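Engineer: Single-letter residue listing:
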Amino acid sequence: MSLSPTVDSRSFRAARNARAALSRASRRAVVAAAVALGATFLMGNNAAAAPTVGQQAPDFVAVDTSGAKHKLSDFAGKFVVLEWTNPGCPFVRKHYGSGNMPATQKAATDKGVVWLAINSTERAASDYLKPDALDAWMKSQKAAPTAVLMDEDGLIGQVYGARTTPHIFIIDPKGTLVYAGGIDSIASARVDDIKTATNYVNQALGEAFGGKPISAATTRPYGCSIKYKA
Amino acid sequence: MLAAAQSPPELASKPGAVVTTPHVRAELIAHAPDGVTPGAPVWVGLQIAHQPEWHTYWKNAGDSGLPTEMTWTLPAGVSTGEIAWPAPKKIPVGSLANYGYENTVLLPVPLEVSTLYKPPVALGGTPAMDIQLKASWLVCRKECIPEEGTFTLALPLQGSTALHKAEFDAAFAARPETLAKPGAIEVDGHNLKVRLVGLPATAQGKTLGFFPETPEVIRTAAVSGKDWTQSWQGDTWTATMPLADQRSASPTVMPVVVTLAEADRQAGQPMAWRAEAPVTGAWPAGAAPRAAEVSPELQAALAANAAKAASKGADLPAPSSTTFVAALLGALLGGLLLNLMPCVFPILAIKVLGFARQAGNASAHRKAGLAYTGGVMLSFLALGGGMLALRAAGAGLGWGFQLQSPGVVAALAALFTLIGLNLAGVFEFGRAAPSSVCSAQAKHPLANDFLSGVLAVIIASPCSAPFMGASLGFAIGLPAGQALLLFAALGFGLALPYLVAGFVPAVAYLLPKPGPWMGTLRRLLAFPMFATVAWLVWVLGQQSGIDGAGTLLALLVCMAATVWALTLRGRARVVIAGVLIAFTAVLTAAIGRNVLQMVEPAKLASSAPGAAGQRWQPWSAERVAQLSDAGRPVFIDFTAAWCVTCQYNKKSTLSDAQVLADFDAKKVAMLRADWTRRDPAITAALTALGRSGVPVYVLQAPGKPPVVLTEILGKDEVRAALAAL
Numbered sequence: 001m002s003l004s005p006t007v008d009s010r011s012f013r014a015a016r017n018a019r020a021a022l023s024r025a026s027r028r029a030v031v032a033a034a035v036a037l038g039a040t041f042l043m044g045n046n047a048a049a050a051p052t053v054g055q056q057a058p059d060f061v062a063v064d065t066s067g068a069k070h071k072l073s074d075f076a077g078k079f080v081v082l083e084w085t086n087p088g089c090p091f092v093r094k095h096y097g098s099g100n101m102p103a104t105q106k107a108a109t110d111k112g113v114v115w116l117a118i119n120s121t122e123r124a125a126s127d128y129l130k131p132d133a134l135d136a137w138m139k140s141q142k143a144a145p146t147a148v149l150m151d152e153d154g155l156i157g158q159v160y161g162a163r164t165t166p167h168i169f170i171i172d173p174k175g176t177l178v179y180a181g182g183i184d185s186i187a188s189a190r191v192d193d194i195k196t197a198t199n200y201v202n203q204a205l206g207e208a209f210g211g212k213p214i215s216a217a218t219t220r221p222y223g224c225s226i227k228y229k230a
Numbered sequence: 001m002l003a004a005a006q007s008p009p010e011l012a013s014k015p016g017a018v019v020t021t022p023h024v025r026a027e028l029i030a031h032a033p034d035g036v037t038p039g040a041p042v043w044v045g046l047q048i049a050h051q052p053e054w055h056t057y058w059k060n061a062g063d064s065g066l067p068t069e070m071t072w073t074l075p076a077g078v079s080t081g082e083i084a085w086p087a088p089k090k091i092p093v094g095s096l097a098n099y100g101y102e103n104t105v106l107l108p109v110p111l112e113v114s115t116l117y118k119p120p121v122a123l124g125g126t127p128a129m130d131i132q133l134k135a136s137w138l139v140c141r142k143e144c145i146p147e148e149g150t151f152t153l154a155l156p157l158q159g160s161t162a163l164h165k166a167e168f169d170a171a172f173a174a175r176p177e178t179l180a181k182p183g184a185i186e187v188d189g190h191n192l193k194v195r196l197v198g199l200p201a202t203a204q205g206k207t208l209g210f211f212p213e214t215p216e217v218i219r220t221a222a223v224s225g226k227d228w229t230q231s232w233q234g235d236t237w238t239a240t241m242p243l244a245d246q247r248s249a250s251p252t253v254m255p256v257v258v259t260l261a262e263a264d265r266q267a268g269q270p271m272a273w274r275a276e277a278p279v280t281g282a283w284p285a286g287a288a289p290r291a292a293e294v295s296p297e298l299q300a301a302l303a304a305n306a307a308k309a310a311s312k313g314a315d316l317p318a319p320s321s322t323t324f325v326a327a328l329l330g331a332l333l334g335g336l337l338l339n340l341m342p343c344v345f346p347i348l349a350i351k352v353l354g355f356a357r358q359a360g361n362a363s364a365h366r367k368a369g370l371a372y373t374g375g376v377m378l379s380f381l382a383l384g385g386g387m388l389a390l391r392a393a394g395a396g397l398g399w400g401f402q403l404q405s406p407g408v409v410a411a412l413a414a415l416f417t418l419i420g421l422n423l424a425g426v427f428e429f430g431r432a433a434p435s436s437v438c439s440a441q442a443k444h445p446l447a448n449d450f451l452s453g454v455l456a457v458i459i460a461s462p463c464s465a466p467f468m469g470a471s472l473g474f475a476i477g478l479p480a481g482q483a484l485l486l487f488a489a490l491g492f493g494l495a496l497p498y499l500v501a502g503f504v505p506a507v508a509y510l511l512p513k514p515g516p517w518m519g520t521l522r523r524l525l526a527f528p529m530f531a532t533v534a535w536l537v538w539v540l541g542q543q544s545g546i547d548g549a550g551t552l553l554a555l556l557v558c559m560a561a562t563v564w565a566l567t568l569r570g571r572a573r574v575v576i577a578g579v580l581i582a583f584t585a586v587l588t589a590a591i592g593r594n595v596l597q598m599v600e601p602a603k604l605a606s607s608a609p610g611a612a613g614q615r616w617q618p619w620s621a622e623r624v625a626q627l628s629d630a631g632r633p634v635f636i637d638f639t640a641a642w643c644v645t646c647q648y649n650k651k652s653t654l655s656d657a658q659v660l661a662d663f664d665a666k667k668v669a670m671l672r673a674d675w676t677r678r679d680p681a682i683t684a685a686l687t688a689l690g691r692s693g694v695p696v697y698v699l700q701a702p703g704k705p706p707v708v709l710t711e712i713l714g715k716d717e718v719r720a721a722l723a724a725l
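Residue numbers (this note's numbering), protein chains in the order written: chain G, 1 to 230; chain H, 1 to 725.
By construction, these hints were calculated from the structure, which means they are not laboratory data.
As the structure is a prediction and not an experimental result, all values here were calculated from the model.
Quick reminder that beta carbons are idealized off the backbone N, C-alpha and C, glycines included.
Be careful, since some hints might not be right.
[Claimed, not checked] Here are some of the chain G residues that sit facing chain H, going by a computed Cβ distance under 8 Å:
#1 A50
#2 S126
#3 Y128
#4 A136
#5 K139
#6 Q158
#7 P173
#8 G175
#9 G181
#10 A187
#11 S188
#12 R220
#13 K227
#14 Y228
#15 A230
Using the sequences and the hints given, assemble the complete structure.
Structural biologist: What follows is the structure in structure tokens.
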């Protein structure tokens, strides 16, 4: 399925949903099995750490809100932004409600960056949103990610060491983690702070596209704890 | 959210000392046992009483959260010191951890009153210092709520303010005691080795909690005894703990706090100690490839399962042999049903007449049946081959495309006019010399049957009977050989009733015997032909506008007159026919191209009837996406003027008051995709739905898979689908 938001893909969306609906149930089951299997590997390696900036970003396969699969390594050759999100979190709402996150997403995807919003909130959490609801919320916020991925079992989040919503990771075209941290420099839930804060994602992508080293490659992520599955 | 944290309404104009939210009760309290004078100890503080399970944060909040912030507004000459943070508690949140406070906590702040402070002049009552605090805190359980509040307090200058002595004393007791020696911290690979010296006897040998004030250095959630170790040597406490994987701070000095476990705490004794330890050793650069150990296994597992999922998904577009057999059967059934469709009706009339003409001649019936079947099947194969060729050429065309061409429509209108005139008795084949097709009908009965088979296919094509749309959509995605087989099955289905009638005498005997009724029937059957012409003219009007339709009618009149003239005898025939043919030629040269001219969609839309236009919006993929974004369900009518089934549905079910009321009740946006003329966007949308012809009816609610309704649209079906929204 095409990832670039072309007019064609929009016109096919309805039908794609129809076809996807048929296979979604079986896909979900398979992915759930994959996740369970993956979790076993993880448990055996519990001490194994999340990637540090400069290391290879772990590959993953995830299903987006419309049931389509996305594999990180398929995006080799492009910058990929991973954004942990959860609409139930006031910090996420700060950045979406103000338009800051959608604008950052749009600026990135306009440059050809792949932006994957990931929700690792467990199903049992009070603010867990089902794929359709999450998708609807994203649309209502005029969000512009390439895809919104479901990670209810927290597999991807745990592998990356994602702690907060929002928590941002940037992977370069070679698959190396080049940024891990917050969306910006002022840790607060106040919308007013956005204009005085340094947007680390814009800064990092700007520097990366300008051929410069990323000055703030690891920053403090701030926000709500990700409600991982116990 | 924030509004909930504001002061109660009655205090909004003049804030008080207490702010109550659903999660905390926060109060600004003071402790000035010796009054407010320079040099005297004056403390103010924010006391936060949490609801059970809720917590706020320490100065280092840990993996998430935010420390409570306080902004003071004080008179000139008065300043505040730093918050005297009580020792925090480690609050695990799943695989993460926070440092913070539960139950009730007091965050004391010392007030420094300088000699520059000029007390206000009290004109009565006791003089007091007005203190204002704006505080913001993040209160979390699993979910987090940012709250804030504005507090004011009038602190009496004279006398003792010690109402909250107990609370302040408790806060001071919980404040870490600074160790005499700074201790040392060494970075060792991916671990931090902490060494604190001079701890008192009450702490020695006990298991301590460790809290770095610098965030983003150690792995906050690391569990003592499992992820990190500690040991005692006399008054020296050492610990080795893992660094955070995504460490964003590399301090040279780390202020750290160690605490006694709650069970080990004794009243009146310090329970926490603090040191500002210098850091030695090199902070690791993030280059060691460690995480790569996880991903290949994980990736392999995921890839294996993803491959399974992919192969399952591939079943849909690439059908197995059983689904292909089902599709062939479907095509056969579709072809059979096609006989009953309104567009095939005129052809049925021709066939009935044909049988009546040859009644009693069994061999002729067989031959007629075979010829008809051959004509139908060859036409279907030709159509299929043409579609495959066009598909190969990437023209993106679908079923029914023949009638999207005005030239084809005009030619069919002429053909049907001639058939109608013939049936009405204006001319007889053999005497007149009309088009070659009609003369062929008269001279060669078998060719006549063959051609009526061809005609049946041409007319049936725009009306996709149930099964047919799906079968054709199926065929478009198939290899060429299978697609042609499918077309052949479709054709065989259409021809089958005629073929059976030709071969099985029992069926043939059911046919009426020839008699005078034949003439009546023949003239009667002229009217379905003319009705078909009227429909074709209307279709052309949709494509070429009123000028095109008018021109076509004029040309048809000319043609009819010419045909009539040719039936005359002698000089009249030569003169009148010559004049009419000349006139027709002139007319064709002058305005003939109006017929073939495609009208711009915009012009067409403006001339469309307004009453229906109110309810129906023109379809576009963008419009569908917009409406879906807005959360509106969408009903799409894929239609075409030349599709009689579409027109029937439009006038019956889709005009039904109850059905329309149901649409309104569910606030369904109604879009019409008009495929009368070639439209690649609509063709693409139909292809995406697995169809290649109209009608197609789709009901699509945001967040639900689209519901494709049947082609002969029933009221109950539509209402049931709407009710399910």
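Engineer: Now tell me if each hint is right for this structure.
Structural biologist: Okay, the hints, checked on the actual structure:
no., hint, result
1, A50, "holds (4 Å)"
2, S126, "holds (6 Å)"
3, Y128, "violated (11 Å)"
4, A136, "holds (6 Å)"
5, K139, "holds (5 Å)"
6, Q158, "holds (6 Å)"
7, P173, "violated (18 Å)"
8, G175, "violated (10 Å)"
9, G181, "holds (6 Å)"
10, A187, "holds (6 Å)"
11, S188, "holds (7 Å)"
12, R220, "holds (5 Å)"
13, K227, "holds (5 Å)"
14, Y228, "holds (4 Å)"
15, A230, "holds (6 Å)"
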